[in-house]
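Those protein sequences? They're chains A and B, same order as listed.
Numbering follows the numbering used here, with no gaps: position 36 of the first sequence is 36.
Residues are numbered in the numbering used here as their position in the second sequence, beginning at 1, plus a constant of 144.
With a Cα cut of at most 30 Å, we get these calculated DSS-like pairs of lysine-lysine:
#	chain 1	residue 1	chain 2	residue 2
1	B	Lys225	B	Lys149
2	A	Lys48	B	Lys215
3	A	Lys88	A	Lys48
4	A	Lys88	A	Lys103
5	B	Lys225	A	Lys103
6	A	Lys88	A	Lys47
7	B	Lys149	B	Lys215
8	A	Lys47	B	Lys215
9	B	Lys215	B	Lys245
10	B	Lys149	A	Lys47
11	B	Lys197	B	Lys170
12	A	Lys48	B	Lys245
13	B	Lys215	B	Lys225
14	B	Lys249	B	Lys149
15	B	Lys215	A	Lys88
16	A	Lys51	B	Lys225
17	A	Lys48	B	Lys225
18	B	Lys225	B	Lys170
19	B	Lys170	B	Lys245
20	B	Lys225	A	Lys88
21	B	Lys149	A	Lys48
22	B	Lys170	B	Lys215
23	A	Lys51	A	Lys88
24	B	Lys249	A	Lys48
25	B	Lys245	B	Lys225
26	A	Lys47	B	Lys249
27	B	Lys249	B	Lys215
28	B	Lys149	B	Lys245
29	B	Lys249	B	Lys225
30	B	Lys225	A	Lys47
31	A	Lys88	B	Lys245
32	A	Lys88	B	Lys249
Derived by calculation from the structure, the hints in this document are not laboratory data.
Read off the chains here:
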Amino acid sequence: MKPQTARRVEVGEELPPLTKTILQRQIDCYSGVRPDSIHTDPEWARKKGFKAPLVQAMMSTAYVSQMMVQFLGEGFVRGGGMSVAFTKPVLAGDTLTVRGRIKSREPEGGRTRVSVDVWCENQDGVMTMAGTASGLESDPRSSR
Amino acid sequence: MVEFKTLSYEAVTIGEEFMSDDFLVKPEDVDTFAYAVEDHHPWYFEDSPFGGKIAHPTLLGNQALLMRHSKYIVPAGLHAKMQFEFLEPIRAGMRVRSRGKVIDKYERRGRHYMVTQFETRDEEAGTVLVRGQFTQMIFPASGVHRETTNR
Numbered sequence: 001m002k003p004q005t006a007r008r009v010e011v012g013e014e015l016p017p018l019t020k021t022i023l024q025r026q027i028d029c030y031s032g033v034r035p036d037s038i039h040t041d042p043e044w045a046r047k048k049g050f051k052a053p054l055v056q057a058m059m060s061t062a063y064v065s066q067m068m069v070q071f072l073g074e075g076f077v078r079g080g081g082m083s084v085a086f087t088k089p090v091l092a093g094d095t096l097t098v099r100g101r102i103k104s105r106e107p108e109g110g111r112t113r114v115s116v117d118v119w120c121e122n123q124d125g126v127m128t129m130a131g132t133a134s135g136l137e138s139d140p141r142s143s144r
Numbered sequence: 145m146v147e148f149k150t151l152s153y154e155a156v157t158i159g160e161e162f163m164s165d166d167f168l169v170k171p172e173d174v175d176t177f178a179y180a181v182e183d184h185h186p187w188y189f190e191d192s193p194f195g196g197k198i199a200h201p202t203l204l205g206n207q208a209l210l211m212r213h214s215k216y217i218v219p220a221g222l223h224a225k226m227q228f229e230f231l232e233p234i235r236a237g238m239r240v241r242s243r244g245k246v247i248d249k250y251e252r253r254g255r256h257y258m259v260t261q262f263e264t265r266d267e268e269a270g271t272v273l274v275r276g277q278f279t280q281m282i283f284p285a286s287g288v289h290r291e292t293t294n295r
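Construct the complete structure from the given sequences, taking the supplied hints into account.
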């Protein structure tokens, strides 16, 4: 399967966003259910000051990875990476939109490394995660 | 025999090393992860350009993140930053282990943080699959910092 992007996405342009409504059951699968957990124990989360269990921040890195695999394919799986900061909590039931905007293209060992500004916003438009992700372009049409 | 201590800013030392248990990546782990993050890309279930199925690049993030649980009782904490470098695809059937080291700890605006560098390897082949670092906020014994309850 080739990367989904049909044409070269230019610097400054956005990638197709992903939207995720995060269910408690998905958090349970991701984090593993245990008592006294801010992720999977609603009462414990409330005791710690949160309205609902927190989505494990790491789940947002999986969403970024999904967007980048769709964009770059092999060049993200082998040779990709990301550096992100989690800026606001995400709660069970929240809907996140995962976005990316092409930041730069730089030559790297005969290939091209594409850097993408990435971020997640919740249903209220609040940014919950921000950073950069990058990978190697594999489509020869993209390295012109 | 491991003597577990409760994690605190004072207890953590720079240079301290962590190691996860080894873990056999199973097809059901890939399946569960796909459900959890809603990502059923065909490379994880059919075939990939790497030859055969692979797993999600971030599948083993929690193995690295939870290394400190092999030494400490961790009451709670917030994940502040994450860096990944994906070097080789992860596959079901690999027996993997993460090793890490605390490279910094600091206080900022009254909050305590620790920074851990890690590497996750396929234990049988010795191949490094993923490396990176993460920053975690250590909760005070009293519970959560007030500013984090922002909703």
